[in-house]
Structure formats: structure tokens, C-alpha cells
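Student: One letter stands for each residue in the lines below.
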Amino acid sequence: MSSPAAVGARKSFADAPWQLWASQLAAVLRIEIRKNLWMRRSIWIYLLAFAPTAMFGIHALTSPMGRNCSIDEDTRILAYVFQIFYLRVGIFFGCMGLFTWLFRGEVVEKSLHYYFLSPMRRELLVAGKFLAGLITASLVFGASVLLCFTFAYSHFGAPGRAFVFNGPGLGHLASYLFVTVLACLGYGSIFLALSLVIKNPILPGIVVLLWETFHAVAPSLLQKLSVTFYLKQLCPVTIPPEGVMALFTVIAEPVSPWLAVPGLVLLSVAIIIAAGFQIRRTEISYLAD
Amino acid sequence: MTTTSNNIVFENVSKFYGEVLGVNRVNLSLPPGVTSLVGPNGSGKTTLMNLVTGLVRPTQGRVSVLGLTPDNPEEFFRHVGYCTQFDSFPKGVTGYEFIYQLLRLRGLPAREAARLTAEAIERVNMADAAHRRVAGYSKGMRQRIRLGQAIAHHPTVLVLDEPLNGLDPMARAESIALFEALGKQGLHVVISSHVLHEVDKISDQVVLMSYGYVVAEGQIHGVRTEVKEHPMQILVRCPNPSLLASRLFSHDHVVEAKLNHDGKGVLVRTKDSEQFYELLNRIVVEENFSLDAVAPNDDDVNSVYQYLIGSGGGTV
Numbered sequence: 001m002s003s004p005a006a007v008g009a010r011k012s013f014a015d016a017p018w019q020l021w022a023s024q025l026a027a028v029l030r031i032e033i034r035k036n037l038w039m040r041r042s043i044w045i046y047l048l049a050f051a052p053t054a055m056f057g058i059h060a061l062t063s064p065m066g067r068n069c070s071i072d073e074d075t076r077i078l079a080y081v082f083q084i085f086y087l088r089v090g091i092f093f094g095c096m097g098l099f100t101w102l103f104r105g106e107v108v109e110k111s112l113h114y115y116f117l118s119p120m121r122r123e124l125l126v127a128g129k130f131l132a133g134l135i136t137a138s139l140v141f142g143a144s145v146l147l148c149f150t151f152a153y154s155h156f157g158a159p160g161r162a163f164v165f166n167g168p169g170l171g172h173l174a175s176y177l178f179v180t181v182l183a184c185l186g187y188g189s190i191f192l193a194l195s196l197v198i199k200n201p202i203l204p205g206i207v208v209l210l211w212e213t214f215h216a217v218a219p220s221l222l223q224k225l226s227v228t229f230y231l232k233q234l235c236p237v238t239i240p241p242e243g244v245m246a247l248f249t250v251i252a253e254p255v256s257p258w259l260a261v262p263g264l265v266l267l268s269v270a271i272i273i274a275a276g277f278q279i280r281r282t283e284i285s286y287l288a289d
Numbered sequence: 001m002t003t004t005s006n007n008i009v010f011e012n013v014s015k016f017y018g019e020v021l022g023v024n025r026v027n028l029s030l031p032p033g034v035t036s037l038v039g040p041n042g043s044g045k046t047t048l049m050n051l052v053t054g055l056v057r058p059t060q061g062r063v064s065v066l067g068l069t070p071d072n073p074e075e076f077f078r079h080v081g082y083c084t085q086f087d088s089f090p091k092g093v094t095g096y097e098f099i100y101q102l103l104r105l106r107g108l109p110a111r112e113a114a115r116l117t118a119e120a121i122e123r124v125n126m127a128d129a130a131h132r133r134v135a136g137y138s139k140g141m142r143q144r145i146r147l148g149q150a151i152a153h154h155p156t157v158l159v160l161d162e163p164l165n166g167l168d169p170m171a172r173a174e175s176i177a178l179f180e181a182l183g184k185q186g187l188h189v190v191i192s193s194h195v196l197h198e199v200d201k202i203s204d205q206v207v208l209m210s211y212g213y214v215v216a217e218g219q220i221h222g223v224r225t226e227v228k229e230h231p232m233q234i235l236v237r238c239p240n241p242s243l244l245a246s247r248l249f250s251h252d253h254v255v256e257a258k259l260n261h262d263g264k265g266v267l268v269r270t271k272d273s274e275q276f277y278e279l280l281n282r283i284v285v286e287e288n289f290s291l292d293a294v295a296p297n298d299d300d301v302n303s304v305y306q307y308l309i310g311s312g313g314g315t316v
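Residue numbers (this note's numbering), protein chains in the order written: chain V, 1 to 289; chain A, 1 to 316.
It is possible that some hints are incorrect.
Said to hold, decoys possible - Far from chain A, some chain V residues (derived; all Cβ distances over 10 angstroms):
(1) ILE77
(2) GLY97
(3) ALA158
(4) VAL197
(5) LEU209
(6) PRO236
(7) PRO240
Said to hold, decoys possible - Listed below are the simulated BS3-like cross-link pairs for lysine-lysine, each with C-alpha atoms no more than 25 angstroms apart in a straight line:
(8) LYS139/A / LYS110/V
(9) LYS201/A / LYS228/A
(10) LYS91/A / LYS110/V
(11) LYS271/A / LYS258/A
(12) LYS258/A / LYS228/A
(13) LYS184/A / LYS201/A
(14) LYS271/A / LYS228/A
(15) LYS110/V / LYS199/V
(16) LYS199/V / LYS91/A
Said to hold, decoys possible - Cβ-to-Cβ under 10 angstroms is the rule here; a few derived chain V residues that face chain A:
(17) LEU20
(18) ARG40
(19) LYS110
(20) MET120
Derived from the structure by calculation, the hints contain no laboratory data. Every residue, glycine too, gets a C-beta built ideally from N, C-alpha and C.
Bound conformation, chain V alone (with noise of 0.2 angstroms):
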């Protein structure tokens, strides 16, 4: 038999305006979205994202049928570029941008009370905006990894094609991305949580930056509280831990994929309730900021 506490959960959760809050939710994705992909602070967003595309392009462009280069030589350079430009410079700095201005931006827009003047939670204006920037960070990045992932194996032929349609090609590729979509969601939850209590994130950010590239060399259950911990052993090609690559690379305790994704899931989410209850006190002072 249930208690009255649970029942009377039960009734609250039964009787929240879900259709309100999923009409608000999808208002709020399109108006972020179009924002976030086509303002004008998003072009150095792009030419971060793509510039591995233009670097893999130019090599199928001059390597015609795999000359000079091999796949499993490819197949490297791809889990390089991935593992250290990717997920610590291109994916970091992109979602840092694109986070830190989701509400920082309407700040200094002076815009962020029409949001405010909305009869909308504003918890729900946090999980909105950050949906928002998840998926236009992971349109960015899944973009550009899907295209340097077709450049590095097209020009190769049949070999190429072979390797991506009836070898482990296709099985990187959905791992790239899904490694890609976990990096937006958990650079993405903290530079968002970390504008909405800093006005500068760029200090901030520096520190994550450090963190999350030495975090290897600190005791394993701090290791746990950095995102590119549980990514790295996501990744499908292991980088061989030599010299100072293995700063990068080495993962000292590994978990599970099974335990990896939950993991990053939930302090993604962890953050974002926190920001949450953050948002509940902000007040609009604009003249402050």
C-alpha cells in the first residue's frame, strides 16, 4: 500500500500541465536553435569545427586512391584528431562559446526578461536552452566528424568502401558520433552552469580546460568527475599511451561503456539541476553585468 506522501507525488506529477510545458519547450528549441546556428558569433564555431574537415578533404584530394596512405594509417590520424583536437579544443572551446552564451548573451542583449516575463519555469528555460545548444553543438560536430570520417576512407576505392561498409568502418563512425553527442552534453552542461553564476567564463573555462587535461594524474575517484574520462574509453581506436600522449590517453581505472554513459549522463544531469535551482534566484539587474 502506497503512503500518502507517495500518492500525493503521484497526484502532483499526474497533475502538472505536461502539454504546457512540452508547447514552451518546443517554443523555446526554436527560437535557441535558429539563434545559435545563425548568429554571427557562430562563425568562428564553424571554422573551428571544419577546420579537420578542410585538412581531411585536402588529403583525399591529394591522395587519389589511397596513394602514399594506408587505412590503418587513416584510421589513426581519424582517432588523433578525434581524441586530441576534437574532444579537448574543438568540441571544448565550441560548446564553451555556445554554452556560456545561451544566457550570458540575453545578459548582456539585454533580452533575458522577456524569457523571465514568460509564464514558463524557469528551470524548464534551462533544460530548453540546453537542449538547444546540445543539439546545435552536436549538428556542428557530427557534421564535420561524419564528413573528415567520409574524406578519410572515400579516396580509397573499393578498399575504402569495404573497410567502411563491410568492416568495423561503420561501427567507428556510430561511435565518433556518439562520442561527439556525450561531449556536447557534458562540456556543454558546464559551461552552462558556469555562466550562470560567473560573468567571465574564460577563466573558468581555462580551469576546466586544465582539469579535464591532467585529470588523468589525480586520485581515480576525482578522475570520475571529468567528462573526457568516461569519452576516452569510448572511443573505438585506443591511441597507444607513448610519451606525452599518454597524458591524453592513458586511462588508469577504466569502467564499463555501461557504467561510462550513466556516468556522464548523470553529471550532465546533476549540473543542470543545480543550474536549475541557480536560475531560480537570478534576478535582472543588467546595469550590474
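Given the structure of chain V, go ahead and fit chain A onto it with the hints provided.
Tutor: Below, chain A without anything else, positioned relative to chain V:
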């Protein structure tokens, strides 16, 4: 003070920004109709409006609007519309998109949002420019489109922070007529404005503020009557003003009686308006004196503002 769920109620509300005072110990209950917030810059008018709409939270005390608080935003903001004085917009939007998108945030279906958007644009006379980008609007147009956004969802409480700023005389007259009509429909219309003589005409009650304190509130006539240190000015128009002035001089409550500058009336300053009106009635009846018009000369927001705030202030 009566606390009813039909009013905007401040209960011992204080707001501090760090160590800076926003408003202090405010107790108000604003009934439906047009309420003007009057006071110099920094007196706390905008803070009071931000407190009403939940953009800032009180450091102490409680604010409720029709018995609701911003903690229940779905219900609260269905009733409340706020035209702030921030002259800013989301980037890249047209006037139409600005109103439409914010209506969609209310959970309205597309067709209903489009209907309300068109209606609001019509009400603020912006139909011709609605599909142009807001960035290209004049200040007056931006003001009007923000006003349109604030009224688009048919709020029952409309809060307007300096809504006449930047408007040309024609648009000001139209806006004032709109506020007056909304007040007459039973809405709460709370206006702050520096154009005192214009809001004076439509205000059902005023709240005078200075340095974060409410120095007077209520219907303007009542507030004026309470300002004892400044005798009430009454202009009596009559064919024989010199004779009337001589009859009035002998009474204690008449401080001054002088011929009006156009020579067609007497400007009287009295410490007790009730006694003065009784005296005037007596003179008219007993001496068969004819009058053209009798009207208070400083029974308006502007005069009360000058008496209470402009000349160093005081409290009622």
C-alpha cells in the same frame, strides 16, 4: 491596509542591492484602475515595478498580485504584462516575430498566437512596420512594439515603466487614451512617467516616491488635502473678482486672495478648502453673487510632486 486578492499588495517590502537601498518598508494595496508611480530618478519606481513582476525578489516582505506570486509563473504571468524601460530586443527579429515568438512561449498554438500578434500590432498602430526588423525602428516605434508585446496576451495587470518615453505627441495621446481605456475596463494599469501632466489626467491614484520610500499614496485629491503645509490654491472665475477678493480677506483660513493674471478671477490660497467652499456658497447665496467657475488650481500630480518631493520632500 486591506489585503484583498483583487489588488497588488506590498507587505512591508524592502529591497536592497548589496548595501544600496532600492525601496524600504513599502506597504501598498493598489486597486484596479490607473496608478501612477511618481518620483525623481533613483526614487525606487523601477524597483517597485520589478518587484511586482518578479524580476527582482524582495530582501524582506512579500509582494502579491491578485493573490498570486511569480513562484507560480504559469498562472502569474497569464495575468501580468510588463513593458520595461529596457530598450532592447532579441537580435534580428521583426516587430511581428518579437510579439509572436513571445506568445508562443506562453504555450499558445500558432494560429492563436498569430491572431493575438496581429491584434496587438493593430492596437499600437504598427501594422505598416510590423515585418521590418526592430533594429531599424525609431525609438518611438520600439516603444510601441514593446507596449504591443506587453498587452498582446490581454493581461489584467499591466505594468508600464516610462511608457511615454520617445513617443511623439500623437503617439503619446494615443497611448494615454489606451491606458485610460484599459483602466476603465477594470485592469490594473501601473505607470511610471516623468510626463506628469499627461498621466495626471488618467490616474485614479498616485504613489509618490522619494529615496526608496513611499511618501504619499491614494487618490490625488486626498493626497493634496493631506499636504497641510502648502495651502490649497483655488481659482474662482467671476465677473467681479475684486469684490469677491475683498469678501474673502477677512477670514482666517484664507491665506491669500489675489486677482488672476487675466483679471477674470480670484486665485485663493486657503488652509481649509472645506471651510472655503462653505464660505463661497454663503457669499453666493446671501449676496446673490454670480460665479463662472470654481476649480482647484494645484490639485494635480505635478503640484503634489513639487510640494512633497520637489521642494525637499515631506511625508503624508
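Student: Hint by hint, note whether the structure agrees.
Tutor: Verification of the supplied hints:
Against chain A, the non-interface label of ILE77/V holds: every CB pair exceeds 10 angstroms, the least being about 40 angstroms. Non-interface status of GLY97/V relative to chain A is upheld: no Cβ of that chain comes within 10 angstroms, the nearest being about 16 angstroms off. Interface exclusion of ALA158/V from chain A stands, the closest Cβ pair being 48 angstroms apart, more than 10 angstroms. A cut-off of 10 angstroms between C-beta atoms confirms that VAL197/V is not in contact with chain A; the least separation is 17 angstroms.
Even its closest Cβ contact with chain A, about 29 angstroms, leaves LEU209/V beyond 10 angstroms, as expected for a residue assigned away from the interface. With a cut of 10 angstroms on Cβ distances, PRO236/V stays outside the contact zone with chain A, its closest approach being about 40 angstroms. The Cβ of PRO240/V lies farther than 10 angstroms from every Cβ of chain A, with a closest approach of about 47 angstroms, so its non-interface assignment holds. This hinted pair checks out: LYS139/A and LYS110/V have alpha carbons roughly 16 angstroms apart, not beyond 25 angstroms.
The straight-line distance between the Cα atoms of LYS201/A and LYS228/A is roughly 23 angstroms, inside the 25 angstroms bound, and the hint therefore holds. For the hint pairing LYS91/A with LYS110/V, the CA-to-CA distance comes to about 10 angstroms; that is within 25 angstroms, so the pair holds. Taking the CA atoms of LYS271/A and LYS258/A, the gap is near 15 angstroms; set against the 25 angstroms cutoff, the hint holds. For a cut-off of 25 angstroms, the pair hint linking LYS258/A to LYS228/A stands: about 20 angstroms separates their Cα positions.
Using a Cα cut-off of 25 angstroms, the hinted pair LYS184/A and LYS201/A holds, with the two alpha carbons roughly 13 angstroms apart. Between LYS271/A and LYS228/A the alpha-carbon distance is near 7 angstroms, which keeps this suggested pair within the 25 angstroms criterion. For the hint linking LYS110/V to LYS199/V, the alpha-carbon distance of about 14 angstroms falls within 25 angstroms, and the restraint holds. At roughly 20 angstroms between alpha-carbon atoms, LYS199/V and LYS91/A fall within 25 angstroms of each other, so this suggested pair holds.
Checking LEU20/V against chain A: minimum C-beta separation of about 4 angstroms stays under 10 angstroms; hint holds. With its C-beta approaching chain A no nearer than about 9 angstroms, ARG40/V sits inside the 10 angstroms limit, and its interface hint holds. For LYS110/V, the interface hint holds, the least distance from its beta-carbon to any beta-carbon of chain A being 4 angstroms, beneath 10 angstroms. Checking MET120/V against chain A: minimum C-beta separation of about 6 angstroms stays under 10 angstroms; hint holds.
Checked against the numbered hints above, the structure breaks none of them.
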